[in-house]
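**Q** Sequence:
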Amino acid sequence: MTNEQHGADDVEPANNSTDEQTTTDGADAATTAMSGIIETAGAHAPVLDEATPDITDEGDSTDLTRKTFADFGVEPEICEALGAKGITHPFPIQALTLPVALEGQDIIGQAKTGTGKTLGFGIPLLMDTLGPGEEGWDEDPASGSPQGLVILPTRELAKQVAEELTTAAAKRTVRIVQVYGGRAYEPQIEDLGRGAEVVVGTPGRLIDLMDRGVLDLAHVTTVVLDEADEMLDLGFLPDVEKILARTRTDRHTMLFSATMPGAVVALARRYMTRPTHIRAQDPGDEGMTVQTVQQVVYRTHSMNKVEVVSRILQAEGRGRTIIFARTKRTAARVADDLRSRGFATAALHGDLGQGAREQALRAFRNGKVDVLVATDVAARGIDVDDVTHVINYQCPEDEKIYVHRIGRTGRAGNSGTAVTFVDWDDVPRWRIIAKALGLPIEEPVETYHTSEHLFSDLSIPEKVTGRLPRHKRTLEGLDAEEIEDLGETGRRGRKQSGRQGGRGGRDGNSQRSRGSRDTKRGERSRSRRSADDEAKPRRKRTRKRTRGGRPVDGSAGEQA
Numbered sequence: 001m002t003n004e005q006h007g008a009d010d011v012e013p014a015n016n017s018t019d020e021q022t023t024t025d026g027a028d029a030a031t032t033a034m035s036g037i038i039e040t041a042g043a044h045a046p047v048l049d050e051a052t053p054d055i056t057d058e059g060d061s062t063d064l065t066r067k068t069f070a071d072f073g074v075e076p077e078i079c080e081a082l083g084a085k086g087i088t089h090p091f092p093i094q095a096l097t098l099p100v101a102l103e104g105q106d107i108i109g110q111a112k113t114g115t116g117k118t119l120g121f122g123i124p125l126l127m128d129t130l131g132p133g134e135e136g137w138d139e140d141p142a143s144g145s146p147q148g149l150v151i152l153p154t155r156e157l158a159k160q161v162a163e164e165l166t167t168a169a170a171k172r173t174v175r176i177v178q179v180y181g182g183r184a185y186e187p188q189i190e191d192l193g194r195g196a197e198v199v200v201g202t203p204g205r206l207i208d209l210m211d212r213g214v215l216d217l218a219h220v221t222t223v224v225l226d227e228a229d230e231m232l233d234l235g236f237l238p239d240v241e242k243i244l245a246r247t248r249t250d251r252h253t254m255l256f257s258a259t260m261p262g263a264v265v266a267l268a269r270r271y272m273t274r275p276t277h278i279r280a281q282d283p284g285d286e287g288m289t290v291q292t293v294q295q296v297v298y299r300t301h302s303m304n305k306v307e308v309v310s311r312i313l314q315a316e317g318r319g320r321t322i323i324f325a326r327t328k329r330t331a332a333r334v335a336d337d338l339r340s341r342g343f344a345t346a347a348l349h350g351d352l353g354q355g356a357r358e359q360a361l362r363a364f365r366n367g368k369v370d371v372l373v374a375t376d377v378a379a380r381g382i383d384v385d386d387v388t389h390v391i392n393y394q395c396p397e398d399e400k401i402y403v404h405r406i407g408r409t410g411r412a413g414n415s416g417t418a419v420t421f422v423d424w425d426d427v428p429r430w431r432i433i434a435k436a437l438g439l440p441i442e443e444p445v446e447t448y449h450t451s452e453h454l455f456s457d458l459s460i461p462e463k464v465t466g467r468l469p470r471h472k473r474t475l476e477g478l479d480a481e482e483i484e485d486l487g488e489t490g491r492r493g494r495k496q497s498g499r500q501g502g503r504g505g506r507d508g509n510s511q512r513s514r515g516s517r518d519t520k521r522g523e524r525s526r527s528r529r530s531a532d533d534e535a536k537p538r539r540k541r542t543r544k545r546t547r548g549g550r551p552v553d554g555s556a557g558e559q560a
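Note that the working numbering numbers the sequence shown so that position 531 is 531, with each residue one more than the last.
In short, the hints are calculated from the structure, not lab data. Among the clues, some could well be false.
[Unchecked claim] DEER-style ranges, computed between Cβ atoms:
1. M303 with P461: 19 to 27 angstroms
2. P141 with G86: 22 to 30 angstroms
3. T65 with W424: 47 to 55 angstroms
[As the list claims (entries may be wrong)] Below, computed lysine-lysine pairings styled on DSS-like, alpha-carbon distance capped at 30 angstroms:
4. K328 with K435
5. K159 with K328
6. K368 with K472
7. K305 with K171
8. K305 with K159
9. K368 with K328
10. K85 with K171
11. K159 with K368
12. K305 with K368
Here the structure is a predicted model, which is why all the values come from computation and not from measurement. Glycine is no exception: its CB is placed at the ideal position from the N, C-alpha and C atoms.
Modelling step: build the complete structure from the supplied sequences, incorporating the hints.
**A** Here it is in structure tokens:
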């Protein structure tokens, strides 16, 4: 053997050793890289082009637990009604809003959902409204007609707000009526015919009732636009303009929303008189949400998503879960697929009738189902604290929708996990979202239901399959929650299935001729009510309806 050969032999093992080391390092790096969990330490809330508020609680150290509603000038009846429900101290948005709103000034209020903004506008609205038998009722030209109007984008929000207003008005005689699509016209027409001081509703149904001549807004002195940015995003602006045109020119207008970009503020000012922009900081700030919720992103194939979801739903510690879909059709299909695999699932989307939507929400809140598949629009107004997982079945449209979705988990100090599926075509969109939120912009890891990192990332037992074992199917399911008959077919006393009454307006033509008869019946019921009221003892009140400290005489053309 020559020295060259010997040297070559000496060198060869060294080269092999280096190659083996390189291969090992590469394998370790690949193992480390194969994870969908993203680093959130440098994340931040979306940067919005928002107007500067006139009033904010930023830097305010006032201890609101030492304040009561009475300290802000709220009348005793409302304080008593709230106190009976354990509501004694105002939230920041309420503390900022009440002093301004009770003076009759227009308000642009900005606060996140769940921070108490309903009472922020509800208390001033109720205090500017007179109910039957209250002092000033007989002299008020608006007696028996709506005096307050609350407009919201979805049925669920309308129902939720109406219930909170009813709670605050429990010691008053003010009547609050809900009007929204997805249910028959007759019950709502009858409610309006009996008399209503406050109407809470969605734009489409409000306009339908106005066109039928059963809803008169000429005496409305307080108008609230809640979730205003969502209404504008959903294209309700023309409807809102039509509704506002039917109200008094000197109305008191309050606009509330979670976000308030400059374009929305400019639009709001067109319908308001020198409004005051108030912003309350959210204790659960979106920036904290982005940082504290564990976020997992996978690039998945559309044909494999249900298989991946069925594994995620068997993760250790998984509780209530919301799956967001982009379309109504996708939400219905995914819910059906998961239900056939043994999971207690309910769907929530716009093609369901109101009774079916409320059935799904009640079943989810009551623990009869623990998976809710919803579209963004239908999910607005869902307020459940113990959601452990959120799954974006399709990549969200933008960073604001992404933060709004993942904010449904990790509430009230609980931990939460948000999983986002990104299709191949959506990778550029995800990069834009990640960049806007300060998240890593790396391409999501390709993932299938057999991928090892899926199981390790989300603490999924190794031997689970795409079906829930029978011994784990312990929840009662959607059918165990009774569906309420809301008269969506126009016939009372008839049971409705989840697929009936989707639009709630198919019988509209057959009902139009009944509108005048319902109106006359309402007038007769009002006359009977007036006779009954005369026989009852009057409640003594020291306040009449005012606007900015001056009495309101009900003349529609008068300027405040």
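**Q** Out of the numbered hints, which ones does the structure contradict?
**A** Of the numbered hints given earlier, those the structure breaks are 2, 7, 8, listed in rising order.
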